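As you go down the protein sequences, you meet chains A and B in turn. Residue numbering for the first sequence follows my numbering, beginning at 1 and increasing consecutively. Residue numbering for the second sequence follows my numbering, beginning at 1 and increasing consecutively.
Hint data in this document are derived by calculation from the structure and do not stem from the laboratory. Quick caveat: nothing in here was measured; it's all calculated off a predicted structure. Hints may contain errors.
Below 16 Å or equal to it, Euclidean Cα-Cα: the simulated EDC-like pairs (lysine to aspartate or glutamate) are [what the hints assert, rightly or not]:
1. 225/B to 123/B
2. 96/A to 56/B
3. 153/B to 22/A
Over 10 Å on every C-beta distance to chain B, these chain A residues come out as not near it, computed from the model [said to hold, decoys possible]:
4. 2
5. 39
6. 98
7. 117
8. 119
9. 123
10. 126
11. 137
12. 156
13. 159
14. 160
15. 168
16. 171
17. 188
18. 198
19. 200
All residues carry an ideal CB built from backbone N, CA and C; glycine is no exception.
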Amino acid sequence: MNGIHDMGGMQGLGEIGYREDEPGFHEQWEIKVFALVRAMQSSSLRTYIESIPAADYLRMSYYERWYTALVKRMIDKEVVTLSEIENGRADSASEKATPAVTPAVVHEYLFRTPQTELDIELTPRFHVGDSVRGRNIHPTTHTRMPRYTRGKTGVVERDRGVFNLPDVEEVSSEPKPQHVYLIRYTAKELWGEEASARDSLYIDMWEDYLEPA
Amino acid sequence: MRYNATYAPNTAIFRRILYLEETNMSQQNSDHEEHYTEVPSDLVLRVKALESLLVEKGLVDPAILDVLVDTFENKVGPRNGAQVVARAWVDPAYKQRLLDDGTAAVAEFGYSGGQGEQLTVVENTASVHNVIVCTLCSCYPWPVLGLPPTWYKSAAYRSRTVIDPRGVLSEMGLDLPNDVEVRVWDSNAASRYFVLPERPDGTEAMSEADLAALVTRDAMIGVAKVATPTAEGVS
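Can you make the complete structure from the sequences, with help from the hints?
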């Protein structure tokens, strides 16, 4: 989706606000939101975060977006109702659930490295050294193709293996496994003649995002 | 899809819930001692309300929340990454394993978990400077760096690091000479990156543990260098 979250290359979005040794959390409610999201196993909040209207997205702090997306997702998935959120109490018809993460499994849940690469043999369409171009596509779904790569030509640096295409994850029950490639773009290709001739940008691209150049 | 801008609970009800919680809180876990001497902010109320709702519905085990908070507040953080960097500085064979397969090499220290499944380590040298960003959200290598600082998630850092990395780094206090090649890594897919910074001059005699103490989180993101230690401390 051509949403506000797809920020790469934008200008005028304020200050970085850099502080050395800044913590990941400033207030207790922020880490609590993080913990609630993890405890609910809501790993796929991105679609919901990206659907927050642009003006609200920019106004909200980072963990306020997480809160909003978590609630929206739970309402959509019928885990909670809007009236429960508004009342802060379970509806009388609500049945007691079993927590997704229990003390018996929490350590494994936190420290087992997930396997996201798929053990599937697929013939790669591109190979190391190939020139490839970002396709001029505008998915209305979640996507991991930033708009600054559209129409730009880069070179395949590495084949990362096979992964599910994120674009279809929320909208289809059919997974779409395909090769992901590490692509190197020169800064000049992405940003024009003003950019440094020495500099470059590296990004992973699913096969569907690319065409031969 | 229609969005409620805030999902705000009924504030009066939550004041009552908070009051009830406080009155029997002395028996509770000390981590929960949040005394509202002032009127709590809207977000504090909303998150507290959500927590109590999810616990009441049996969706969340409160003990799990304590473990999650403790893990990311106290156990997982940039000290992990600093140990990895120091080992790579003193042990060439380890460094090679780290560059070949970051996930396997950090697992030698026992560091593992979500956001570390495709760890790619990029090496800064005298001629190449790497810097990490996530333009689409906030992807970050949790097992070695913990959770990202606010500036890493800021709209300004996410938007400008790809188009003007030298300008961004200069604003953050790192001026790179023109003959250094800058490589920007946009963490958009499964890969998570962290930077192996240059070992500073004058550290030849230092122990691995002392070296680890020099390594900062920001050097492992690529927005700073590891400073040369001086007699008074790090310069």
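Original post:
Hints broken by the structure, by number, lowest first?
Top reply: Those not satisfied are hints 5, 6, 7, 14, 18, 19.
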